[in-house]
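Undergrad: Quick note, the sequences are listed as chains A and B, same order.
In case it helps, the working numbering puts the first sequence at residues 1 to 357.
In case it helps, the working numbering puts the second sequence at residues 1 to 357.
Calculated from the structure, these hints are not laboratory results.
The model shown is predicted, which means the values in this text are computed figures rather than measured ones.
Treat the hints with care, as some may be off.
The list treats identical chains as interchangeable, and a pair is accepted whether it falls inside one copy or across any two copies.
Claimed, not checked - List time: in silico DSS-like cross-link candidates among lysine-lysine, alpha-carbon distance up to 25 angstroms:
| # | residue 1 | residue 2 |
| --- | --- | --- |
| 1 | K294 | K278 |
| 2 | K327 | K286 |
| 3 | K328 | K286 |
| 4 | K103 | K278 |
| 5 | K328 | K294 |
Number of protein chains: 2
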Amino acid sequence: MNDLSSDSHRQEVNPHLRQILKKKMDLSLSQMVKGILQGDTGMLSRAITLVESTRAEDRNLAADLIRECLPHSGRSQRIGITGVPGVGKSTFIETFGSYLIQKQNRKVAVLAVDPSSQVSHGSILGDKTRMEALSQSPLAFIRPSPSAGSLGGVARKTREAIILCEAAGFDTIIIETVGVGQSETTVKSMVDLFMLLLLPGAGDELQGIKKGIMEMADLIVIHKADGDNAKRANLASADVRRALRLYPEDPREWTIPVELCSSLEETGIEDIWMDVEKFFRHGEIKGFIQENRKEQAEFWLRESVGELLHDSFFQHPRVAKQWPTVKKEVIEGRISPFEAARSLMSSFTGDNSDLSV
Amino acid sequence: MNDLSSDSHRQEVNPHLRQILKKKMDLSLSQMVKGILQGDTGMLSRAITLVESTRAEDRNLAADLIRECLPHSGRSQRIGITGVPGVGKSTFIETFGSYLIQKQNRKVAVLAVDPSSQVSHGSILGDKTRMEALSQSPLAFIRPSPSAGSLGGVARKTREAIILCEAAGFDTIIIETVGVGQSETTVKSMVDLFMLLLLPGAGDELQGIKKGIMEMADLIVIHKADGDNAKRANLASADVRRALRLYPEDPREWTIPVELCSSLEETGIEDIWMDVEKFFRHGEIKGFIQENRKEQAEFWLRESVGELLHDSFFQHPRVAKQWPTVKKEVIEGRISPFEAARSLMSSFTGDNSDLSV
Chain A
1 MNDLSSDSHR
11 QEVNPHLRQI
21 LKKKMDLSLS
31 QMVKGILQGD
41 TGMLSRAITL
51 VESTRAEDRN
61 LAADLIRECL
71 PHSGRSQRIG
81 ITGVPGVGKS
91 TFIETFGSYL
101 IQKQNRKVAV
111 LAVDPSSQVS
121 HGSILGDKTR
131 MEALSQSPLA
141 FIRPSPSAGS
151 LGGVARKTRE
161 AIILCEAAGF
171 DTIIIETVGV
181 GQSETTVKSM
191 VDLFMLLLLP
201 GAGDELQGIK
211 KGIMEMADLI
221 VIHKADGDNA
231 KRANLASADV
241 RRALRLYPED
251 PREWTIPVEL
261 CSSLEETGIE
271 DIWMDVEKFF
281 RHGEIKGFIQ
291 ENRKEQAEFW
301 LRESVGELLH
311 DSFFQHPRVA
321 KQWPTVKKEV
331 IEGRISPFEA
341 ARSLMSSFTG
351 DNSDLSV
Chain B
1 MNDLSSDSHR
11 QEVNPHLRQI
21 LKKKMDLSLS
31 QMVKGILQGD
41 TGMLSRAITL
51 VESTRAEDRN
61 LAADLIRECL
71 PHSGRSQRIG
81 ITGVPGVGKS
91 TFIETFGSYL
101 IQKQNRKVAV
111 LAVDPSSQVS
121 HGSILGDKTR
131 MEALSQSPLA
141 FIRPSPSAGS
151 LGGVARKTRE
161 AIILCEAAGF
171 DTIIIETVGV
181 GQSETTVKSM
191 VDLFMLLLLP
201 GAGDELQGIK
211 KGIMEMADLI
221 VIHKADGDNA
231 KRANLASADV
241 RRALRLYPED
251 PREWTIPVEL
261 CSSLEETGIE
271 DIWMDVEKFF
281 RHGEIKGFIQ
291 ENRKEQAEFW
301 LRESVGELLH
311 DSFFQHPRVA
321 KQWPTVKKEV
331 IEGRISPFEA
341 ARSLMSSFTG
351 DNSDLSV
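Construct the complete structure from the given sequences, taking the supplied hints into account.
TA: Shown next as structure tokens:
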């Protein structure tokens with residue numbers, strides 16, 4: 001179940017995508033909002049496609065749509081999942097998501113943040129294949145990462161997709177990091193709980209995980225803890241617990257659980273769910289879930305301002321014209337970066353007011 | 001030797017600082033430039049004080065000064081030094097700097113980046129006390145971190161201080177990270193060589209170093225490798241070498257040296273210097289020193305643009321007026337961060353043009 005689920009002409013990707021966009025434009029705003037609130041996943045898919053569009057007219061409609069859906073959002077548990085490539089994130093999400101639907105009566109949306117992703121039918125099909133069982137459930141909604149140049153763009157679209165999924169009644173939003181590098185910080189800034197999957201192994205292998213990522217985790221899972229890996233998984237678990245003891249005490253009074261899990265043998269899933277439940281109960285009592293969401297909202301306000309400022313600056317005709325020359329002069333050391341920036345700013349603001357630094 | 005070295009009334013800090021600023025304003029631009037180019041460290045101090053000033057008239061004069069000094073800058077070796085508090089950065093810089101002056105015929109400027117620093121006479125005196133021998137040499141110039149709210153502000157001032165020090169004939173610029181956290185990245189972005197000092201110890205203790213910091217290092221020094229620490233220092237060295245082997249190969253074809261050093265016993269200093277010399281020779285042949293400086297210049301251009309845009313946005317009367325209300329609405333979930341940002345942008349640009357995101 002994804003944005004192309006109603007597609008019957010899979011061989012013609014781009015023309016079909018245009019057709020979907022066209023169909024979407026024919027829909028009135030109120031039809032779309034109504035469909036989403038009724039939990040129509042086809043409509044949800046179209047709405048997310050709209051939100052991901054970069055066309056100016058789509059942006060305006062998308063803004064209206066988000067505004068209508070906003071009052072119906074915010075009531076889900078937002079869970080981020082990260083881990084190095086090969087740790088089995090998709091398999092885990094498939095197993096964990098299916099458990100949530102079957103045993104916990106949940107509606108699960110899976111989104112992804114991958115700043116490197118390109119528009120390709122392959123990756124969409126790939127996603128379907130990756131989470132086959134989950135994608136067949138009417139209570140699941142799986143959406144690959146929006147394709148976009150900048151992480152900021154991907155992040156905004158994912159944040160808006162969360163709002164739409166929540167308005168459509170999904171009570172568990174799982175956000176997967178796909179790219180490596182910065183996307184962890186981005187996902188962390190849009191979820192309530194951040195889960196780190198680790199491979200069985202210890203010592204040197206753990207050093208492969210950026211320390212900063214460990215510090216972000218609210219819950220750590222040693223994945224693929226099955227078969228020949230069982231002993232190594234226990235070692236890894238001990239190693240992680242030892243590393244965690246070196247951290248300063250968590251002001252939230254939350255002890256980070258370290259669980260062993262096998263998606264293959266379906267072990268550990270229930271323990272992980274109990275940890276998640278405990279985290280949200282504890283977080284709501286202590287108030288840090290709400291507090292975190294407020295901080296995230298302000299963070300995203302500032303990020304959005306920064307992004308819009310950046311875009312309007314570099315798209316400004318005078319700035320765009322001067323930029324290559326000024327950049328060359330700075331790189332060759334003929335003008336200092338600060339003076340160059342001041343000069344470009346004068347072009348941007350259209351006067352010579354001396355902006356204090 | 002620092003910005004208050006000519007001060008004979010140490011008890012009256014603030015009035016005296018004002019007096020220095022007043023004196024400085026009486027100097028003509030050409031007098032200042034001439035003094036700096038002649039290597040007058042008193043004049044250099046005043047120039048840096050000017051660069052650190054936030055007053056609009058000072059900013060204009062500072063911009064002129066930097067412009068005049070820029071053609072005389074760029075010919076030093078810029079070395080960043082970092083390490084956890086307690087690793088002995090000041091003692092190391094004192095010993096290393098004195099060695100450079102006495103044995104290598106160098107002129108050494110020591111700057112610091114500490115976004116948390118406040119204007120206080122204490123810290124200035126503290127610096128003098130910390131590097132007593134070095135501060136007494138006429139071939140050394142020691143300057144504490146500019147005090148400023150934002151890391152961006154501290155960074156700009158330090159970058160400008162580098163230009164002034166180079167114009168004054170200092171051929172070795174040492175930049176020390178003082179605060180913890182982000183300042184390492186900032187210092188890395190303004191130096192040619194980044195040196196990491198580590199304490200003797202191994203395993204768990206090494207985990208206290210953020211992995212990202214290890215990855216930034218061009219040269220690693222196990223400091224305080226003396227007395228009872230000798231054995232632990234050897235263990236640490238082996239551990240670091242082992243950790244380094246896990247890294248992907250350096251495209252610059254540079255093998256990161258790991259040296260043992262005692263500032264107390266003055267051992268290892270010469271080896272470190274030979275590594276530094278080798279790094280610069282290798283880097284100039286391979287071209288990565290020059291390439292790195294070009295990338296840094298563009299990075300600082302973009303950073304400066306971002307900072308100026310941010311300031312002009314938040315200082316804009318309409319934006320400043322709307323900000324508290326809009327922020328509150330975003331935090332309370334009544335308006336999405338993206339819509340709020342678009343609305344503030346309209347106030348900023350003064351029209352309703354739909355800026356594409």
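Undergrad: Hint by hint, say whether it matches the structure.
TA: How the hints compare with the structure:
1. Taking the closest pair of Cα atoms, K294 and K278 come within 25 angstroms of each other only inside a single copy of the chain (21 angstroms); across copies the shortest separation is 51 angstroms, beyond that limit.
2. Only between protomers do K327 and K286 lie at most 25 angstroms apart by alpha-carbon distance; the minimum there is 24 angstroms, versus 50 angstroms within a single protomer.
3. Taking the closest pair of Cα atoms, K328 and K286 come within 25 angstroms of each other only across two copies (22 angstroms); inside a single copy the shortest separation is 53 angstroms, beyond that limit.
4. When the C-alpha separation of K103 and K278 is checked against a cutoff of 25 angstroms, the pair qualifies only within one copy, where the shortest distance is 17 angstroms, while the shortest distance between copies is 63 angstroms.
5. Taking the shortest alpha-carbon separations for K328 and K294, only the inter-copy value of 9 angstroms comes in at or below 25 angstroms, while the best intra-copy value is 42 angstroms.
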